[in-house]
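Asker: The hints should help you fit chain B onto chain A, whose structure is shown.
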Amino acid sequence: MRRFLRSGHDQARERLKQDLFKFSKTVEHGFPHQPSALGYSPYLRIMAIGTRSGAIKLYGAPGVEFMGLHRENNAVVQIHFLPGQCQLVTLLDDNSLHLWSLNQRNGVSELHEEKFSTLRGPPGAAPSATQITVILPHSSQELLYLGTESGNVFVEKLPSFQMLEDQMISTEAVLQWLPKDAQHWRAFEMVEALQEHPQDPTRVLIGYSRGLIIIWDLQNSRVLHHFLSGQQLENVCWQRDGGCIVSCHYDGSYCQWKVSSEAQHPEPLQSRVPYGPYPCKAISKIFWLTTRKGLPYIIFQGGMPRASYGDRHSISVTHGNQETAFDFTSRVIDFTVLTEAASDFDEPYAMVVLAEEELVVIDLKTAGWPAIQAPYLASLHCSAITCSHHVSSISLKLWERIIAAGNKQNSHYSTMVWPIDGGTSLAPDPPQRDLLLTGHEDGTVRFWDASGVCLRLLYKLSTVRVFLTDTDPNDNLNAVGEDEWPPLRKVGSFDPYSDDPRLGIQKIFLCKYSGYLAVAGTAGQVLVLELNDEEAEQVVDHIEANLLQDQEGYRWKGHERLRARQGPICFESGFQPFILVQCQPPAVVTSLALHSEWKLVAFGTSHGFGLFDHQQKRQVFVKCTLHPSDQLAMEGPLSRVKSLKKSLRQSFRRMSRSRASGRKRRMAGNSGELQEPNARADRVGLQNMELAPVQRKIEARSAEDSFTGFVRTLYFADTYLRDNSYHCPSLWVGTNGGTVYAFSLRVPPPDRRMEEPIRAEQAKEIQLMHRAPVIGILVLDGRGMPLPEPLEAAHDLSKSPDMQGSHQLLVVSEEQFKVFTLPKVSAKLKLKLTALEGSRVRRVGVAHFGSCKAEDYGEHHLTVLTNLGDVQVVSLPFLKPQVRYGCIRKEDVSGIASCVFTKYGQGFYLISPSEFERFSLSTKWLVEPRCLVDTAETKNHCSTLNGSGVKKGSSKARSSENSGDGGGRSQEPLMERALLNDERVLKEIQSTLEGDRGSYGEWYSQQVAVGRRHNNGGE
Amino acid sequence: MNRAHRHGAGSGCLGTMEVKSKFGAEFRRFSLERSKPGKFEEFYGLLQHVHKIPNVEVLVGYADVHGDLLPINNDDNYHKAVSTANPLLRIFIQKKEEADYSAFGTDTLTKKKNVLTNVLRPDYHKKKPNIVISMPQDFRPVSSIIDVDILPETHRRVRLYKYGTEKPLGFYIRDGSSVRVTPHGLEKVPGIFISRLVPGGLAQSTGLLAVNDEVLEVNGIEVSGKSLDQVTDMMIANSRNLIITVRPANQRNNVVRNSRTSGSSGQSTDNSLISYSPHIETNFDPKDEESDEEDIIIEDNGMPQQIPKAVPMAGSLESLTQIELSFESAQNGFIPNDVNLEHTSDTKMEHETHASDQKPLEEDGTIITL
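Keeping their order, the protein sequence lines are chains A and B.
Heads up: the first sequence begins at 1 in UniProt numbering, then just goes up one per residue.
Heads up: the second sequence begins at 1 in UniProt numbering, then just goes up one per residue.
In case anyone wonders, no lab produced these hints; they're calculated from the structure.
We put the CB at the ideal spot given by N, CA and C, even for glycine.
A few of these clues could be false.
Subject to a maximum C-alpha distance of 20 Å in a straight line, what follows is the list of computed SDA-like cross-link-like pairs (lysine to any residue) [unchecked claim]:
#	chain 1	residue 1	chain 2	residue 2
1	B	LYS226	A	ARG842
2	B	LYS226	A	ARG889
3	A	LYS890	B	SER227
4	A	LYS832	B	LYS226
Pairwise CB distance ranges, derived in the manner of DEER restraints [unchecked claim]:
#	chain 1	residue 1	chain 2	residue 2	range
5	A	GLU761	B	GLU41	30 to 40 Å
6	A	LYS824	B	ASP149	36 to 46 Å
7	A	GLU761	B	ASP75	39 to 49 Å
8	B	LYS96	A	SER800	47 to 57 Å
One chain only, chain A, in its complex shape (with noise of 0.2 Å):
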């Protein structure tokens, strides 16, 4: 009944909500999951990815940056942009065209799909007569010339896709105008190149697969030049001023042949075996571009020698005797290279490479041919992310010290500005200086500048040297093969595989203010780091904390602890460690806090919790927390069970990613291949479905339910613990089982603070009834609102708090809030949650949000993702619920579980392994990309388009959702589908893992709705 009174419609405050809070998804960071196709324009000078999930990126000069997804859930296979317009076609892989547009709305650039169609053969041909696997976009900007698998080329006119068969190339066609021998050749099969003559465009080079090329005279529907090679072929590409041309071969070699030759059977001009002589792999494409000193480069795809070589992703570029092969790590999917667009010459001066896992590109203009880093497309995955930490409002200072600090390690980079420049972007500046900080599986921890629109790299901690690992971290990083053959360079930063798991982070802690960051990790490693802007030498101070103490028959078999490395180790500039702290039994860090002004750092783990003096460096005190009955926590199983749970499922995902390998329109024989291990997963699903229905087990928590020891929370806070009179430090915990303790510190005056010792007392043990784990605790002031961080108020940036009416503690529970009074603890009220929708609370946390309308008006609020993947807002201090929407699919768990939200009610989450998805909860600080690609002729040719009826798209741009209505379920993401396919491989370990908790067959039926749904699509 309350429940109805309390939610009373309040006019005024519905119109206040309205003014603060809204809800949108503004900006994807990170690199694209599974891409599949690359684009660019040297016209608009922006790029286009496609991914295997129907989804596209543009992207141009920093902050610009465009995303549209196809209805049908098919993987984009080419990207082709329209000469001399903002308009692109698509091709997936259900053999579908479509064209998309960027059009300017309300002074801003938005993209969207106009219209698609599919390649309709005679009736009753073979699919194959119709499936396309090269486009050429004509010059003449109203012609798609499409080459199929049955050697014809079509050409269809745009916008309409209208198909004109009478300027069809059919193999008969071109087999008339070949002499007698070159027919009894039957040189055909399917169409591997089409190109355009660079200065003709009435020419056009057509490559067969079986090794014929002709360049085609469009005017007269002839062939003029053709030329016959004994191998496969794989690619062909023109010179410059049209009179070579050249072709690559499936054996690993290049041919150039000369245009001009009338001769009946031409021979090429010259043909090598770059990395011969023995049997090589394809080479997939080919450059040979020109530069005004003469030498020209000559970039390719693959070629390496089979037997030793034939794993690599390579991509080698010659030019003179400079000879080297880019060697990624991940599979590359298409490259191309930028060049001067107005000049006589190629002029080369970057190289573009998508590569599965990340984006390089090379700048060719520099010696040495150094990577370009890049200012969006940032692999977040190059070592698996295990935690991330978010800092609003950095300050400058602060900012510069870890600018300064990433330079340092930047120097490899080249300087030369990002070349992919298009477009304008017109998004405001970012309001403050945002840090995100990633931790990752290999012990790092990277530093993002989280500002605005792009999510740029600014520095990256290693924790890997304070100890001793088998082996070196500097092992790999950029070697130089000098007399190695062929000339490998490994380039790239993805690099999943992790030596050694317990290295893996799992808490971050950054305070802004004094610099002071503590990491804690996998196997019960805690260090406090410390920024110092120069290179220093300094021993680390290593302490173990037990945290059992006198617990009687406790055997761990879980992990051993990492070996710290002694004596005085050499860091770079940047954080640098001073203390470690080792937990033992060496179990993961499940909740770490750190105050800088009182220079304490608590932290625990599933058997308890520790306070250390990072002044002092001394232990203060430590508490286990396990149940004397736990005897599974006592054993320590837990930690294998997750770290198995963990390791399988990265496995998974890894596995998932080799994979998707296999060329681009070979991808039937591949997907054949992918749907085994599914299908079989599939059977076993079924069958364990059939044994034993999915139950679940209705039971009150006991106390005796195991992890009930797990610290899940750690709280440091000035308030008042024992009486009214007087307030202290106190420390707080919450752990899994619904304890909240409570401990006062007695922290000596700085003058004294390095003679006396801290003190720590237990002043209060909570333990809430619903035995729900407690994941959030914060102290409310006099006013009712949150306590500053450590340090806030001594920097002025805040208020200092109230401290004359009486503090409150809030409790928030998987299951509910609560808030209490202090120094006497009694329950003032609460919010339930799960008892009343069924949802437990995930992340918690304290946001300010400010009004849209009026400038200095905010209020602070709790900002809540439940399991159900819901994000709400709850008042403070009275636990009102504001407002809520959908955000995360609830089979999602990986996305809930890497959520984490700022301090101004926006957020973040992982969409896929190498994406964040960025969410706002706050009518203000929006960082989401306003771009405008402005080209007078688009202008025009836009307007015709729109006015001659074209069939308005059937997918909409993201962009434009995000301008549209702020509805909530209405703007379901659009890119997490891109994770179906990992999805369904965690849904199934879940299950196994969780026993029945898996729900299967919920996720199965949405399976089949979304297929149907694209059958419709399709039409």
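Answerer: Below, chain B without anything else, positioned relative to chain A:
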């Protein structure tokens, strides 16, 4: 042993009353103001004081005029004891963990010789595995059927009370599908069902829930549209005071509450519940909701301030007897009735009391399950 009231020499003036209190082998004598006996709690404190047993949990009994040993545990029976004491009030004190509940009772006339012997020699009774009869103060509801008057007769709203951890709720739920009557005819919709009862668990021992009962609401919140996991979480979150509305799989035992008997029994259903929900909501007593949520707070390493009522003490568990009960189907013995599918709100509801009569078996004590 002499009968106490025979001694009555009317010692002292009218206003005071002599109290003779026995704890173990020790006697204490003191007097009370008969007209102002005060509260039980004060009396209890006084007893603890005179026996010098502060902080010991004890049971207080007195010998009434018939020589029966009757409990004193609240103001009412305390005042009764004081008013009937003639002239001496004989008090017997036992430590709670050693308490012999069987010594108490009103029907002790026939064995009254033994009654006091039992008290004097606490070991005596332990040989006999009696069914334990609780002290009246320990009576507590374990389950109840509620809101019978406002629910359609095809539905049953059951409240399970969970005390501490002594007994599991003991049931499982699963996904399933049920048939609903909608404006478009019969429609199959997903539903949540009870899939299993743990033998000896609370759910089974109440007899109010059965396998394949469809769960419609949890603490007043409809479960339709919620996933199995959500409903599981809701039930666990409410486990201390769980109110679930079910449509029993066996509809033949429903009580007939109106005169019209039409339609048939069984799986067919109605969706009339929806219209009830808001109404039902208001029937929840907020106090009920709160009572289950007494968090324990320990200040300054001291004693817990609030103790959940039913934390079992190790001793009492041992002294209790393990009982194996073979449960008949709880519905046996009900009159099979045809059920009217359509609930008409204007129908006068008859309150049938059969239901409560049918379950004496399950109510009689603690069953320890593994």
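Asker: Please go over all the hints and tell whether each is borne out by the structure.
Answerer: Hints and how they fare:
At roughly 18 Å between alpha-carbon atoms, LYS226(B) and ARG842(A) fall within 20 Å of each other, so this suggested pair holds. For the hint pairing LYS226(B) with ARG889(A), the CA-to-CA distance comes to about 14 Å; that is within 20 Å, so the pair holds. A distance of roughly 11 Å separates the Cα atoms of LYS890(A) and SER227(B); the hinted pair therefore holds under the 20 Å criterion. Proposed proximity of LYS832(A) and LYS226(B) is supported: the alpha carbons are some 17 Å apart, at most 20 Å.
For the pair GLU761(A) and GLU41(B), the supplied restraint of 30 to 40 Å holds, since their beta-carbon distance comes to about 34 Å. As the Cβ distance of LYS824(A) to ASP149(B) is approximately 42 Å, the hint placing it in 36 to 46 Å holds. Hint check: GLU761(A) to ASP75(B), Cβ distance near 41 Å, so the stated range 39 to 49 Å holds. Remark: the range hint 47 to 57 Å for LYS96(B) to SER800(A) is upheld by a beta-carbon distance near 52 Å.
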